[in-house]
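Chains as they are written, first to last, in our numbering: chain A, 1 to 1064; chain B, 10001 to 10208.
Hints are supplied without guarantee of correctness; some may be wrong.
To give a feel for the contact side, a few chain A residues facing chain B, derived at Cβ under 8 Å [what the hints assert, rightly or not]:
| hint | residue |
| --- | --- |
| 1 | N889 |
| 2 | P891 |
| 3 | D981 |
27 Å max Cα-Cα, derived DSS-like pairs, lysine-lysine [as the list claims (entries may be wrong)]:
| hint | chain 1 | residue 1 | chain 2 | residue 2 |
| --- | --- | --- | --- | --- |
| 4 | A | K444 | A | K195 |
| 5 | A | K812 | B | K10094 |
| 6 | B | K10094 | A | K929 |
| 7 | B | K10051 | B | K10199 |
Looking from chain B toward chain A, a few residues come up when the C-beta cut is under 7 Å (computed) [said to hold, decoys possible]:
| hint | residue |
| --- | --- |
| 8 | L10089 |
| 9 | G10092 |
| 10 | P10095 |
These are calculated hints, taken from the structure and not from any lab test. Note that the Cβ used here is the ideal one computed from N, Cα and C, for glycine as well.
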Amino acid sequence: MSENHNSGLENVTSTAGFTPPRHWIGSEELNASYWSDPATKEKRAQEFYDKPLETIELIEKLDTKGIKRRDFLTLMGASMAMASFACARRPVHKIIPYVVKPEEITGGIANYYATTCPETVYGLLAKVREGRPIKLEGNPEHAMSRGAISARTHAHILDLYDMDRAKEPMKVSRGRGSKPITWVDADLELVAKLKAVASGSGRVRILSNRLLGDSTLKLTNEFLAAFAAGQHVQLDDFGSTDLVEGQIESYGTAVAPHYHFAKADVVLSLGADFLGNFGSSEEYSADWVKGGRIPDAKNPAAARMSKLFTVESMMSVTGANADVRFPVRPDGVLKIGAAIAAEVARKKGVSVPAQFSAYTLAAVSADTGIEAEKITEAAHALVGAGAGKSIIVAGGLSSKTEDAIGLQVIANYLNSTLGNEGVTVDGNGQAWTKVGDRPEKLAKLISDMNSGSVDALILLDANPVYSLPPSMGFTAAMAKVPTVVSIGDREDETAKLADFVLPNHHFLENWGDAQPRGGIVSLQQPTLAPIHSTRAYQDTLLTWIKQGALKAKGLAATVANSEKDGTWHDYLKANWKETYGKGAASQGKSASFEAFWEDSLREGVIKVPAKATSARSFKVPSLAKVPPFKAPASGFVLALYAKTSMADGNRANNPWLQELPDPVTTATWDNYLNMSPKAAEKMGLRQDDVVTITSSGTVIDIPLNIQPGLHENVVAMAIGYGREAVGHVGDGVGRDVKVFVNGSTLAFAGIPVVIANTGRRYQLAVTQWHNATENRPIVNDITLAEFRADPKTSSETDPEIRLKEVPSMWPKHEYPGYRWGMTIDLNACTGCGSCIIACQSENNTPVVGRDNVRRSREMHWMRIDRYYSGPAENPDVVFQPMLCQHCENAPCETVCPVLATVHDNEGLNSQIYNRCVGTRYCQNNCPYKVRRFNFFDHWKSYEGSMNLAWNPDVTVRTRGIMEKCTFCVQRIRDSKDKAKDEGRKLRDLELKTACQQTCPTDAIIFGDINDPKTEVSLLRNDNRAFRVLEVLNTVPSISYLSKVRNKPGEEKEKAGKEGGEHHG
Amino acid sequence: MGNTPKQPELAGVVGFFDNPSALIEATKKIRPLNYESFDCFTPYPIHGLDKIQGLKPSRLPWVTMTAGLTGLMCAVLLQGWTSVISWPLNVGGKPFWSWPAFVPIFFELTVLFAGLATVAGMFIFNGLPNTKKRAFDNNITRDRFALMIDAPTLKTADELEEMDDGEIAKYKARLAKFKAFDEAEAKTILASAGAKDVKSVEARGWFE
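The whole structure should be built from the sequences, with the hints applied where relevant.
Structure (structure tokens):
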């Protein structure tokens, strides 16, 4: 063990006998020269990441923006002089009480309303204070969210208050500006046009994103029925169109299957980032982790874990969590899949389909560079798991080559052959039935528009000018449509080229419902009155039906033409009465529909039984979609991918999402070209070099990010950047990379490109290096074999990580009553980043902008550190959420000259904002680097309506003071008050911190560590538990549970030594 | 010693010496004569002169020590009360009574109390500020080694009349204890003790 030991800088400075650190941040740390460089030593040992001198140099070098230091000093001198003359009064803000208090509002007490996010269809609870929603949480009753939501869903609250939302209807003159118009005038003009169309050829098209609510869909169709040739086209997310396509090929049903990850012992992901942004990833994460990722520490010898194999081109969250990861070219995903399929067939004793015959182990291995035995190992693991005990999931942008449907067919073949179909893969019971339209329908729409056979185009929350690859020619086609109406939240790229912009309600201002897949029905209700002069899309349709006397069908006609001007709310209610009214009564729910409706609104969901699933039969002819074995393109191939934060870029104006570090690259604010360290070295490229990428005439330049774990020939870029008309936050951030997508094949991956250095540099705002330590062991990961032998194992590099008792000079303090503590299970943490945004929303954490992130001034109270281990070609990843450890012997407290940070009697390390004078000594002395300093009045960036998003329970911090995680002290207070009112102690897990509340995998557990029976106390004494940097005797209140990997490779090595044991 | 107000009052007789050893020798000679009061004036301290003059050690150090200890106690009580009893703060898990952190205040308050008390004591013991008339000669406090035999303050006839018998007896007993002062005699004694320059010094008030 000790020969690998490497505890600090001093051990690695000599090149001879150099041992790279076990956990590393970037591939340069694997070279002895990095450590012997004096600059490294200085950088890593210095107090703060950025030195004032460096900052000044940086400012002086920036010619184009900002002001120079000398100018700054001159101005400062002048302003100091002037400040002594100008004595402005502080602005007076009046607090005015309610004259007539609304019945449901009690000042200072939050109301929670159940609603639904139509984008992700997760059930939500919106926390509403004094009439304004301030935070979103998952609805625990909702089968998909179970209380957890993603970072993106959290961030919707900021979109509601976005300053750049369209505030009133506008008449746009096709790219030549716009002017406000009243709703009455807009309706007059549009109704006249629609009436003319309805009496004419009636070729109206509604283009929307995937609609997941029955009522909206029904209303849309009923509206379109008034037109002879009305049609509704729904855009699907490009990452999952092939999934549905493949299902149609193999099973004949246009669904996206639901996967029961909890039941799977072995998961093979062929490019699908199911823990990141594929399908309902929070639900999948929860199922996958709870279904078998937590080895039983009470009986370690017999501990079992599920196993995840990932084949992918860009390192995704799923890849980072994989036990075995195959980094390949985009086309290699299919090749490995086919090789595994052939091997599985062989092993199962069924005849190997002819289509797989070319994909021999030797050929695939030679082509992809993955050893043949690793491929067979995956196949053996799948077969060994038994029938219906595995899942093969394929899809995602980074594997969407021209042959993406072939890949889907291979996955379907495997699922059917292994008996997963109908067991772990649910294609008819709980499958996603609302899947958007096939790309052909979209192509047909574009060609119709081009040929002038579309009279009116209504866009609903869709921005095809940006979101479709430009090569599909949508922009040119749209110019040929006589009337284009954009119903959406802002004047975006598409709306600028339309005739009208009719601002839609934000979903938190609107009614709705969602039935995305079997067994899930939820309601969406408004949580505040519309902020701006907006109108719901549905109300717009109803108004047009009424005013234009359009011959809509069914309920739409009834509601619209009812005497009291039926609204969308009336429609929704009527539709629910029709659909669920009777069923509810028979379920033993309240007999009257009104009572049922009230119940449903309160709970947000209604329970409807899902159909039982059954195995669909695999259509063997679909295997024809598997392409013949193709030799790979030489040189670099490009894989596009979607980030968990930015996705397709529709919400690029959300600063929380822009500043959320990518889980794997930890970069914020920009997109970039990912390249493997080896390829970069060969090309002489460094991090932050700006390169040009050329593919069939298209050239863009973009900064370079060196990303370990990529195939040498793969470069990858994220879509969702380069917006031009989204708002002042998102405009001009990054580059739009969909220009490389071929409009007819829609291949997002496998595009041959040429890379060249421009010689320019652009500093990416990457956060992981900000907190680089002097290489003290801080994280622990072991293999399952090691765990079985001794769950207390520290990995061999970290002998000090489990130092339990450090002698102390003083007696410890007593904490009578509650004492708060937390455990974080590194095995459960997938690194998704949901907790970061939940914390930001709960605790009013500001956004600092790209330049400040570059100077390590990001303000997130919770960060997720990402460490690599193993070779740079294919490293293992461990994510470590890092927040204030609330150390019992807190080093920060000792050095504060003004006692602005002290312990309270419940073990919290509290920060007293109005006592803090901003010396930053505490930040310097914190071994975990979790303290955040307000260099500026960051809150000022929340302008106008964005101020409504603040949580009134948490102080908004001003310039010059330090802040950090408080363990959500306001939530503690709130829960304690509630318990006190009821005259009892707090129950375990009743009180949740914001990060814990939203963690889909329950990796974070918080509670009273004085009570030995609480969940957190039990976990603190778990065999895997360790505390970070325990050798410093800080005695953190947070315990981490070691990550355990189910890695066959190392098991085999050990087995070889120990006498042969094989786990499959 | 008339009681005419205009006539300057005699403060004493002073002899000036060239060097410290001459002064010391003279002091040795004059001390046994048992004058009620005499004093030496030097431009710088001369080691051993106080002993030869027969001066007792100062009581000031006792004042300094007492005040210093009081200061220390105040520091202990102040910090102990605020940090342990009144408003205990758990700072970095350290005990409430973390005395090493209090040492600077211990020191500061000790020094502050001791210093102030010493200054005050010095004033009090020396009877400062002295508004009465006293000897004044430019050379005494400048650059000369001087020895002055003070003229005792004798009661005037009017004063004696007002005193009762007991007081008069006491007054006389005090005078009898010492050698009687005579200006001419004192001058002779000083000259014979080696003084280079002998003269009478008048008493003057502060603003005369």
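Results of checking the hints against the structure:
1. Interface restraint check: N889/A against chain B, minimum CB-CB distance 4 Å, threshold 8 Å, status holds.
2. Interface restraint check for P891/A: the shortest CB-CB distance to chain B comes to about 7 Å, inside 8 Å, so the restraint holds.
3. For the restraint placing D981/A at the interface with chain B, the shortest Cβ-Cβ distance is roughly 28 Å, beyond the 8 Å limit, so the hint is violated.
4. Restraint check for K444/A and K195/A: satisfied, since their Cα atoms lie roughly 25 Å apart, inside the 27 Å limit.
5. Restraint check for K812/A and K10094/B: satisfied, since their Cα atoms lie roughly 8 Å apart, inside the 27 Å limit.
6. The hinted pair formed by K10094/B and K929/A meets the criterion: a straight-line CA distance of about 21 Å does not exceed 27 Å.
7. At roughly 26 Å between alpha-carbon atoms, K10051/B and K10199/B fall within 27 Å of each other, so this suggested pair holds.
8. With a least beta-carbon distance of about 5 Å to chain A, the hint placing L10089/B at the interface is held under the 7 Å criterion.
9. For G10092/B, the interface hint holds, since its Cβ comes within 7 Å of a Cβ in chain A; the closest pair sits about 4 Å apart.
10. Hint status for P10095/B: holds, given a least beta-carbon distance of 5 Å to chain A, under 7 Å.
Violated hint for the displayed structure: number 3, the only one.
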